[in-house]
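Asker: Residues per chain, in single letters:
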Amino acid sequence: MTNESEGPIIRVKDLVTHYGERRILNHVNLDFPTGETMVILGGSGTGKSTLLRHIMRLELPTSGQIFIRNHDICSISEERFNQIRRKMGMLFQSAALFNSMTIEENVALPLRELTQLEEPTIRIMTRIKLDLVGLSGFENYMPAQLSGGMKKRAGLARALAMDPEILLFDEPSAGLDPITAAGIDSLILKLKLAFKMTIIVVTHEMASAFMIADRITVMDRGEVIATGSPEDIRNSQHPRVVQFMNRIPEGEEMDAQAYLRTITQT
Amino acid sequence: MTGVLTYLGRSTLDFLRYVSGLYELSKKTAYWTFVAPFKGQRVKWGNAIHQMVMAGVNSIPIVSMISLFIGIVMALQGAYQLQKFGANYYVTALVGVSMTRELGPLITAIIIAGRSGSAFAAELGTMKVSEEIDAFQAMGLDSVRYLVVPKYLALLVMMPCLTLLSDLSGIVGGGLFEIFQLDQTALMFMTATRDALEMHDITTGLIKSVVFGLIITGVGCYEGFSVKGGAEGVGKATTSSVVVSIFLIIFADVIFTAIFYYTG
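Chains as they are written, first to last, in my numbering: chain A, 1 to 266; chain B, 267 to 530.
To be clear, the hints were calculated from the coordinates, so they are not data collected in a lab. Please note that a few of the clues may not be correct.
Chain A side only, calculated, beta carbon under 8 Å to chain B, not exhaustive [unchecked claim]:
id, residue
1, 86
2, 114
3, 117
In the DSSO-like style, the derived pairs of lysine-lysine whose C-alpha atoms are separated by at most 30 Å in a straight line are [said to hold, decoys possible]:
id, chain 1, residue 1, chain 2, residue 2
4, B, 502, B, 305
5, B, 502, A, 87
6, B, 305, B, 394
7, B, 350, B, 494
8, A, 13, B, 494
9, B, 394, A, 87
10, B, 394, B, 502
11, B, 293, B, 502
12, A, 13, B, 394
13, A, 13, A, 87
14, A, 196, A, 87
15, A, 192, A, 13
16, B, 310, B, 394
17, B, 310, A, 87
18, B, 310, B, 494
19, B, 294, B, 310
20, A, 192, B, 293
Beta carbons: idealized from backbone N, C-alpha and C, even for Gly.
Could you build the full structure based on these sequences and the hints that come with them?
Answerer: The following block contains the structure:
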């Protein structure tokens, strides 16, 4: 038995997953060291968000295992995993705030439902989390009244409500202007310094990846093609990594025969 | 030939998948409504009451209006036939019995399928698209408990209430025609209605209405949960929730009417 505080907190083993016939993840093996910030970098459709959704068990794989604190989360019951989930938080790409509730109710929901805390305590904790993400004074706003960046911050406050040990971010800067995106990045940095959390960020923004990461993993077509410190990735010789880092567009390679087949559908 | 077989096979599989999905959802809903509260996980009564107002109280005007009109139409059609035999007196019985046994529950169910079933599908579908359903799951909260159970309870309580209202409005509609056109007195109308109706007529209608309510919540919520692919998916789910629930309502109606007919 490995010591929980030293081994990887999350270990992904030989994960394969399909959407219908299409293979999304292809034998992914990845360790997430405890207390480190791992950035998963990759283009659109490379399966990085899918990997994140598997770690939260929002989807189940075709084969392979995911261990969180040595529990194989793909085979344990939903109730058992919900115990583990209490110490996990996730910020969704669209923030996923409940539109029928105020910001305060959104952040307080996990506390109200999952803990036995008294109402005044919950209110104080909610305010602390909202203050942490810079949203004091917006308690009674509805999600629809907030800007995209503020929604992300509110979603983050909700993800932090239960003081998670593992925090997952799905494309935190997607759809935000560069300044707001940088604000979210510095918020992640602040959290990283203030709390001992294991953070996983899925993104395609290189600048933010190198700013916040302890380790970077590059994914391409459902496979992990490189993993290491930001320095390792910067010096990587892998052609796809180099292509991604230098923003070289996909080559339009196609042979005449294949093209003919495509247009005649034979 | 193989094309036809493939099509048949695929549609059968799709149908079975749909039915088993609906069954799974209903099982989970029943668990969270009737079993979990005894394990200390309370039903969200606040949400349920909100849903009762939305689906039930706010439907009162439309249900009573439509039922009133249907009552008048039934009396007109009945009188057209019965006048030939000089049996106008039986128009009252015709309207009373057909409203309570058949039309009250059916009209209510069709209105609620169109009004609330589609709203359930649209609400849950939008939540699914905007990752809110995932967010529930990611927090370790059961989305069925928070989102489906209140709707389920709301229709469980409100369908019989609305059906009674519909029965009453239909009978009143028939009565209006009889009093003003068939020269009956209000007293004659009331006596005739009382003589024609048995408790059995009303209770079978109410039993049906509960079943229809279960169908509407089940189909609406299942369609909402199975939304894929953005706004268009929500639109499709909303449409098919209405079509499928009306189909299932009428199918269940046939079965229950047959059961009540043969068991007396």
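Asker: Next step is simple, just say for each hint if it's right about the structure.
Answerer: Results of checking the hints against the structure:
1. 86: holds, 6 Å
2. 114: Constraint on residue 114 of chain A satisfied, holds at 7 Å.
3. 117: Given a least distance of 15 Å, the restraint on residue 117 of chain A is violated.
4. B/502 / B/305: violated, 38 Å
5. B/502 / A/87: violated, 37 Å
6. B/305 / B/394: Satisfied, since the Cα-Cα distance of roughly 28 Å is no more than 30 Å.
7. B/350 / B/494: Judged against 30 Å, a Cα distance of about 57 Å means the pair is violated.
8. A/13 / B/494: holds, 29 Å
9. B/394 / A/87: holds, 24 Å
10. B/394 / B/502: holds, 14 Å
11. B/293 / B/502: The given pair, whose Cα atoms are some 25 Å apart, holds under the 30 Å limit.
12. A/13 / B/394: Holds, at roughly 29 Å.
13. A/13 / A/87: holds, 21 Å
14. A/196 / A/87: holds, 12 Å
15. A/192 / A/13: Distance ~26 Å between residue 192 of chain A and residue 13 of chain A Cα, so the pair holds.
16. B/310 / B/394: holds, 20 Å
17. B/310 / A/87: holds, 24 Å
18. B/310 / B/494: OK: residue 310 of chain B and residue 494 of chain B at ~28 Å, within 30 Å.
19. B/294 / B/310: Distance of about 15 Å is within 30 Å: holds.
20. A/192 / B/293: Given pair residue 192 of chain A, residue 293 of chain B is violated - Cα atoms ~43 Å apart, limit 30 Å.
In summary, the numbered hints that this structure violates are 3, 4, 5, 7, 20.
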